[in-house]
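Novice: So the protein lines, in turn, are chains A and B.
Using the numbering used here, the first residue of the first sequence is number 14, and each one after it goes up by one.
Using the numbering used here, the first residue of the second sequence is number 1434, and each one after it goes up by one.
Hints are not guaranteed to be accurate.
[Said to hold, decoys possible] Listed below are the simulated DSS-like cross-link pairs for lysine-lysine, each with C-alpha atoms no more than 30 angstroms apart in a straight line:
1. B:Lys1817 to B:Lys1829
2. B:Lys1703 to B:Lys1748
3. A:Lys132 to B:Lys1748
4. B:Lys1448 to B:Lys1817
5. A:Lys233 to A:Lys259
6. B:Lys1829 to B:Lys1538
7. B:Lys1782 to A:Lys100
8. B:Lys1799 to B:Lys1537
9. A:Lys132 to A:Lys48
10. B:Lys1681 to B:Lys1817
11. B:Lys1782 to A:Lys132
12. A:Lys100 to B:Lys1799
13. B:Lys1748 to A:Lys100
14. A:Lys25 to A:Lys48
15. B:Lys1539 to B:Lys1799
16. B:Lys1448 to B:Lys1460
17. B:Lys1829 to B:Lys1703
18. A:Lys100 to A:Lys25
19. B:Lys1703 to A:Lys25
20. B:Lys1817 to B:Lys1782
21. A:Lys132 to B:Lys1703
In case anyone wonders, no lab produced these hints; they're calculated from the structure.
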Amino acid sequence: MRHLLDFQGWTKAQVENTLDTARVMAEVLERPVKKVPALQGFTVATVFFEPSTRTRISFELAARRMSADVVSFAAQASSLQKGESYKDTLLTLEAMGIDAYIIRADSAGVPHQATRWVKGVVVNGGDGRRAHPTQALLDAYTLLEALGTLEGRKIAIVGDILHSRVARSNVELLPLLGAEVWVAGPPTLLPQSLPGARLTPHLDEALAEADAVMVLRLQKERMEAGLIHLQDYIAHYQVTEARLKKAKPGAFLLHPGPMNRDIELEGTLADSERSLVNRQVRNGVAVRMAVLYHLLVGREG
Amino acid sequence: MLLIKNVTLVDASGKRGPADVLIGEGKILSLDGGEAETVIDGTGLFLAPGFLDLHAHLREPGQEVKEELATGLLAAVRGGYTDVVSMPNTTPPVDTPEAVRALKKKAHALSLARLHPAAALTQGQEGKALTEAGLLKEAGASLLTDDGHTNEDAGILAAGLLQASAFGLPVAVHAEDASLRRGGVMNDGPLADLLGLPGNPKEAEAARIARDLEVLRYAVRRSPTRPHLHIQHLSTKRGLELIREAKKAGLPVTAEATPHHLTLTEEALKSFDPILKVAPPLRTQEDLEALIEGLLDGTLDAIATDHAPHTQAEKEMDLLRAPFGIPSLEVAFPLLYTELHLKRGFPLKRLVELFTDGPRSILGLKPIHLEEGAEASLVLLDPKERPVEPRNFASKARFSPWAGWVLGGWPVLTLVEGQVVHQALE
Chain A
14 MRHLLDFQGW TKAQVENTLD TARVMAEVLE RPVKKVPALQ GFTVATVFFE PSTRTRISFE
74 LAARRMSADV VSFAAQASSL QKGESYKDTL LTLEAMGIDA YIIRADSAGV PHQATRWVKG
134 VVVNGGDGRR AHPTQALLDA YTLLEALGTL EGRKIAIVGD ILHSRVARSN VELLPLLGAE
194 VWVAGPPTLL PQSLPGARLT PHLDEALAEA DAVMVLRLQK ERMEAGLIHL QDYIAHYQVT
254 EARLKKAKPG AFLLHPGPMN RDIELEGTLA DSERSLVNRQ VRNGVAVRMA VLYHLLVGRE
314 G
Chain B
1434 MLLIKNVTLV DASGKRGPAD VLIGEGKILS LDGGEAETVI DGTGLFLAPG FLDLHAHLRE
1494 PGQEVKEELA TGLLAAVRGG YTDVVSMPNT TPPVDTPEAV RALKKKAHAL SLARLHPAAA
1554 LTQGQEGKAL TEAGLLKEAG ASLLTDDGHT NEDAGILAAG LLQASAFGLP VAVHAEDASL
1614 RRGGVMNDGP LADLLGLPGN PKEAEAARIA RDLEVLRYAV RRSPTRPHLH IQHLSTKRGL
1674 ELIREAKKAG LPVTAEATPH HLTLTEEALK SFDPILKVAP PLRTQEDLEA LIEGLLDGTL
1734 DAIATDHAPH TQAEKEMDLL RAPFGIPSLE VAFPLLYTEL HLKRGFPLKR LVELFTDGPR
1794 SILGLKPIHL EEGAEASLVL LDPKERPVEP RNFASKARFS PWAGWVLGGW PVLTLVEGQV
1854 VHQALE
């Protein structure tokens, strides 16, 4: 594995190996001194063409916990059209001796394109609708923590599947660990197909006997585009305590954040003991440490 | 006087020869040799009528950073084209007789391929008010089109067909329903879902063709003269079926297909390379096979490049922002000679026809047959194979989805009315 772009071509062993390393990193984060010298001398750049404070902080913390130097570049893709291009931006950073680039963009494929321009390691920090692989890895990590195993477990992903890179990456990753993945959402927000997932417009079907439910953020743009009516969405797709009765008792809840309380998720559920949301955020740092470590040092992975 | 000795002749009527072709006074003087100052050994080479491209974006005026007449028409003659139809979606759009005349004058002075400017169907290509079809025709416009835009107003299209028919001008359409296409950047379907790219459904093309054929039916019923609808860059099997039915019913419709839709599919988008972003998008193998069938059975009348140059920087944006278009003037014939004729046994005679008499007849030009007295607008083709090298393109767009493909059938000599406009003989 030279870059982390998506999970095409990944094996179960590669996933387990990465998650095993993440567990070691999680132990580091429990120590009073939360820092190891593993990436000393390496320089990591977060290159965000789309704003995202949470993901950027998580990556930067991950790099710093391993003693890497970290620089950040942020620009709106819209301003790129007028001035410097993606390629020029990356080549400028390359000239400064960057070893790894965490790239976030609003268009699918930008991290993929970047691998043609830079010699350093590219980590996809989320590209358009395409992929958000470290989010899926932290989701898998968190699910394994809660459930012990994903073998034969039913995971439901609910909401705007069509526009979701989180859904796509989880649909690629979780079946590698034996999970049965269902995606549910309004027909206007479902793709035609997603290899690895069962698709349904009926929330109850996805929730039935589910071990965990991942709720996605509903973007305002979808309503503005006329693709969905908010009240209809809330009535039929909001994950509520009542609807969760279809799922396994104690079924867990995940959300990639940021949450729209009382739109995609009944507000009180977010704070209930079912919720793994804070564990997701915490595990994100350990998982990203593991990814950077594997790509920069432990290339056997 | 120029003599091409021992050369095989290929035109729409077939392959013959070898012949010794004597050229002078802008004509073929003899197929049996004669005295000439310049003699070319044509052994192993093919001589064909010069190609006509119905669909090239030469970007003048106003977008010279992408292409200009000098580079676009040089690319054309290097590709074996003696005649080129330029699209009017320039800055400003070519929508006046003065603009058409200015282009023709400038192109004439370049002494490369002959330019047949297409003019806008509507003022400013805004789809609201018709341009002056008669005056545009007199200025030298070859056809009317709002290409670069879609014709959302069916009533204006109908009026345009009626108006153009009085002056014998075809109306060419970019047939996509913009409201169904929305922001699609690649073919809609499982692959677009997987890659997370917004899809442009094949139904957007079929729906618009179906509508436009009804608009044509209406225009035919209303017009004392015969309107002519030309469907540009067909990309789908369903669209092809609709045109096939319409032709069977006797509707005056013609259609073209592009080199990219005939050799590439959506699978290429897995590379996330915006060079492959084009409208209509690259489709599936099933569509590609249907298009080739359409070339054979006459549903498609011409191969047209839709040569659409952009700057390298524009094509290095992301897939949502990069502009649509693939440049192909310099590779179109070798590409299809190799991929269709050599690899799939597509008849050479028909292939040449799709580059010559097919497009010529759409513009109402006479066919060219390689015989004594014929106009010496010709191309000499070398079957020897070499790779596509975009860095050597004459076009300003020095990139290509076919970079590195090894092709035969390269034009090594192009003549316009007997004058050498391109020469790459060894």
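Novice: List in ascending order the numbers of the hints, as given earlier, that are violated by the structure.
Specialist: When the structure is compared with the hints, numbers 7, 10, 11, 12, 18 turn out to be violated.
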